[in-house]
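Trainee: Listed below are the residues making up each chain.
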Amino acid sequence: EAQVTQNPRYLITVTGKKLTVTCSQNMNHEYMSWYRQDPGLGLRQIYYSMNVEVTDKGDVPEGYKVSRKEKRNFPLILESPSPNQTSLYFCASSLLAGGQGDTQYFGPGTRLTVL
Amino acid sequence: DQQVKQNSPSLSVQEGRISILNCDYTNSMFDYFLWYKKYPAEGPTFLISISSIKDKNEDGRFTVFLNKSAKHLSLHIVPSQPGDSAVYFCATLTGGGNKLTFGTGTQLKVEL
Numbered sequence: 001e002a003q004v005t006q007n008p009r010y011l012i013t014v015t016g017k018k019l020t021v022t023c024s025q026n027m028n029h030e031y032m033s034w035y036r037q038d039p040g041l042g043l044r045q046i047y048y049s050m051n052v053e054v055t056d057k058g059d060v061p062e063g064y065k066v067s068r069k070e071k072r073n074f075p076l077i078l079e080s081p082s083p084n085q086t087s088l089y090f091c092a093s094s095l096l097a098g099g100q101g102d103t104q105y106f107g108p109g110t111r112l113t114v115l
Numbered sequence: 116d117q118q119v120k121q122n123s124p125s126l127s128v129q130e131g132r133i134s135i136l137n138c139d140y141t142n143s144m145f146d147y148f149l150w151y152k153k154y155p156a157e158g159p160t161f162l163i164s165i166s167s168i169k170d171k172n173e174d175g176r177f178t179v180f181l182n183k184s185a186k187h188l189s190l191h192i193v194p195s196q197p198g199d200s201a202v203y204f205c206a207t208l209t210g211g212g213n214k215l216t217f218g219t220g221t222q223l224k225v226e227l
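Top line first, the protein sequences correspond to chains A and B.
If you count by the numbering used here, then the first sequence holds residues 1 to 115, one letter each, in order.
If you count by the numbering used here, then the second sequence holds residues 116 to 227, one letter each, in order.
Pulled out of the complex, with its shape left as it was, chain B reads as follows (with noise of 0.2 Å):
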């Protein structure tokens, strides 16, 4: 049962527009959540994440916002470049912290 869901496999947006990627998660104990960026034949590597304790966390051109009642965190790319393209994972850390839980990640498409 997956217990972080991203549900849109895909996005497409155009350069210099504005990208949204979604992600919910099941337990309200969650506290703690991170954004992934992974590009093809490599790792994925650590974007930008958020405590409970926040509702937004902002690093330059990411923007992380928390909806702690719904459930729902959501990474905004602002403006979105060609080379943000690559596959977004939200992750929640699990396990008295022991484990990063992944979603089924989304795939970003910036076209110029």
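Isolated chain A (complex conformation) (with noise of 0.2 Å):
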């Protein structure tokens, strides 16, 4: 089955403590992409990448990292977390960036809670 999964779906974590939210798609696509979705903000682009090892930065980047050294996975890393990343994270994938008619495949989303 077609799918992107993300890992875990939950998490409470306290400030400062390092975490890492895994991505994965088994779709063989190129490009991939993190959002968060926030009330009264809709989902926002954090970071996306163009193929492995091309990453780049979206909206809201601050407080983030991402690596992509294989094509199926793309981790979002929080070094510090700080209560404002309390948010609703989803992964997305395409086969191709920028292609109209491209559709972009969500991962169930991971609610992460930061005390």
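To be clear, the hints were calculated from the coordinates, so they are not data collected in a lab.
Be aware that a few hints might be false.
[What the hints assert, rightly or not] Examples of chain A residues lying across from chain B (beta carbon under 10 Å, computed):
| id | residue |
| --- | --- |
| 1 | V4 |
| 2 | R9 |
| 3 | T13 |
| 4 | T15 |
| 5 | L19 |
| 6 | Y35 |
| 7 | P39 |
| 8 | G40 |
| 9 | G42 |
| 10 | R44 |
| 11 | G58 |
| 12 | Y64 |
| 13 | T86 |
| 14 | F90 |
| 15 | A92 |
| 16 | L96 |
[Claimed, not checked] Pairwise CB distance ranges, derived in the manner of DEER restraints:
| id | chain 1 | residue 1 | chain 2 | residue 2 | range |
| --- | --- | --- | --- | --- | --- |
| 17 | A | L96 | B | E130 | 30 to 40 Å |
| 18 | B | P155 | A | N73 | 18 to 28 Å |
| 19 | B | S184 | A | K69 | 29 to 39 Å |
[What the hints assert, rightly or not] With a Cα cut of at most 30 Å, we get these calculated DSSO-like pairs of lysine-lysine:
| id | chain 1 | residue 1 | chain 2 | residue 2 |
| --- | --- | --- | --- | --- |
| 20 | A | K57 | B | K120 |
| 21 | B | K171 | B | K183 |
| 22 | B | K169 | A | K65 |
| 23 | A | K69 | A | K57 |
| 24 | B | K152 | B | K171 |
| 25 | B | K224 | A | K57 |
| 26 | B | K120 | A | K71 |
| 27 | A | K65 | B | K120 |
| 28 | B | K152 | B | K183 |
Backbone N, C-alpha and C define an ideal beta-carbon position, used for all residues, glycine too.
Put the complex together from the two separate chains, hints included.
Mentor: Shown next, in the form of structure tokens:
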């Protein structure tokens, strides 16, 4: 089954404790992206990757890091989480970047709470 | 500054009637728009899209209309079904196509 998986689905942590949210897709997609969803703000892009070893900032990259060492994986790293990073996070992938008609597929989401 | 706006946070419709969800955008250079549907505890799923060369695109019960002069698009669902109850996001491709910029979402509730 074609899918985007994220782990963990739920996480409660404390300020300053480094964490990683994993994202994996099994569709051989080149493009992957991270979004956060906050009430009243919709989904906002954090980082994206056009291909292996190619990453770039989205709209709200502060406090986050990403890496793309393999095509299928795109982990989101919070080196020193803060309460304002409490949010619902979505990973997404698509076959190519920039294609009209190229659908982005989303993972199920990771709900992160930083105390 | 919101480039894509959904001014109605919620909408309630009776089963069998038409649901109309609206979306406004600020940049006339945007040329491709999408609607995503999101159920609780799931990620958004693609529903329908439209290119700026068209003013209408239809897929079954779902039709998206684009009014470029008004910088407005709408999603029509006819007839509405209880399973359509979800949050609907409109989005546009920005950043040279590298990014989806989303609206804030409209919670649709279809009542029996």
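Trainee: Now look at each hint and say whether the structure bears it out.
Mentor: A quick look at each hint next to the structure:
Satisfaction of the interface hint for A:V4 is found here, the shortest Cβ-Cβ separation to chain B being roughly 7 Å, below the 10 Å cut-off. Taking 10 Å as the C-beta contact cut-off toward chain B, the hint placing A:R9 at the interface holds, the least distance being around 8 Å. Residue-level restraint check for A:T13 is violated (minimum Cβ-Cβ distance to chain B is 20 Å; threshold 10 Å). Annotation: A:T15 was flagged as interfacial toward chain B, and the flag is violated, the nearest CB pair being 26 Å apart, outside 10 Å.
Below 10 Å, beta-carbon pairs count as interface contacts, and A:L19 has none with chain B, the closest being about 20 Å; its hint is therefore violated. With a least beta-carbon distance of about 8 Å to chain B, the hint placing A:Y35 at the interface is held under the 10 Å criterion. For A:P39, the shortest C-beta to C-beta distance to chain B is roughly 9 Å, which falls under 10 Å, so the interface hint holds. This hint holds: A:G40 has a C-beta 6 Å from the nearest C-beta of chain B, less than the 10 Å allowed.
Of the supplied interface hints, the one on A:G42 holds, with its beta-carbon coming within about 4 Å of a beta-carbon of chain B, less than 10 Å. For A:R44, the shortest C-beta to C-beta distance to chain B is roughly 7 Å, which falls under 10 Å, so the interface hint holds. Because the beta carbon of A:G58 sits about 6 Å from the nearest beta carbon in chain B, less than 10 Å, this interface hint is met. A hinted interface residue such as A:Y64 counts as satisfied when its beta carbon comes closer than 10 Å to some beta carbon of chain B; here the least separation is about 15 Å, so the hint is violated.
Nearest Cβ of chain B to the Cβ of A:T86: about 17 Å, over the 10 Å cut. The hint is violated. For A:F90, the interface hint holds, the least distance from its beta-carbon to any beta-carbon of chain B being 5 Å, beneath 10 Å. This hint holds: A:A92 has a C-beta 8 Å from the nearest C-beta of chain B, less than the 10 Å allowed. Nearest Cβ of chain B to the Cβ of A:L96: about 9 Å, under the 10 Å cut. The hint holds.
Checked against the hint of 30 to 40 Å, the pair A:L96 and B:E130 passes, with Cβ atoms roughly 39 Å apart. At about 27 Å, the CB distance of B:P155 to A:N73 agrees with the hint of 18 to 28 Å. At roughly 47 Å, the beta-carbon separation of B:S184 and A:K69 lies outside the given 29 to 39 Å, and the hint is violated. Under the criterion of a C-alpha separation no larger than 30 Å, the hint pairing A:K57 with B:K120 is consistent with the structure, at around 23 Å.
With a C-alpha separation of about 11 Å, the suggested pairing of B:K171 with B:K183 holds against the 30 Å cut-off. Taking the CA atoms of B:K169 and A:K65, the gap is about 39 Å. The hint is violated against a cut of 30 Å. A threshold of 30 Å between alpha carbons decides the hint, and for A:K69 with A:K57 the separation of about 17 Å falls inside it, so the pair holds. As the CA atoms of B:K152 and B:K171 are separated by approximately 19 Å, the hinted pair is consistent with the 30 Å bound.
Taking the CA atoms of B:K224 and A:K57, the gap is near 35 Å; set against the 30 Å cutoff, the hint is violated. Of the supplied pair hints, the one linking B:K120 and A:K71 is violated, its CA atoms being roughly 33 Å apart against a limit of 30 Å. A C-alpha spacing of about 28 Å is found between A:K65 and B:K120, which places the hinted pair at or below 30 Å, so the restraint holds. At roughly 23 Å between alpha-carbon atoms, B:K152 and B:K183 fall within 30 Å of each other, so this suggested pair holds.
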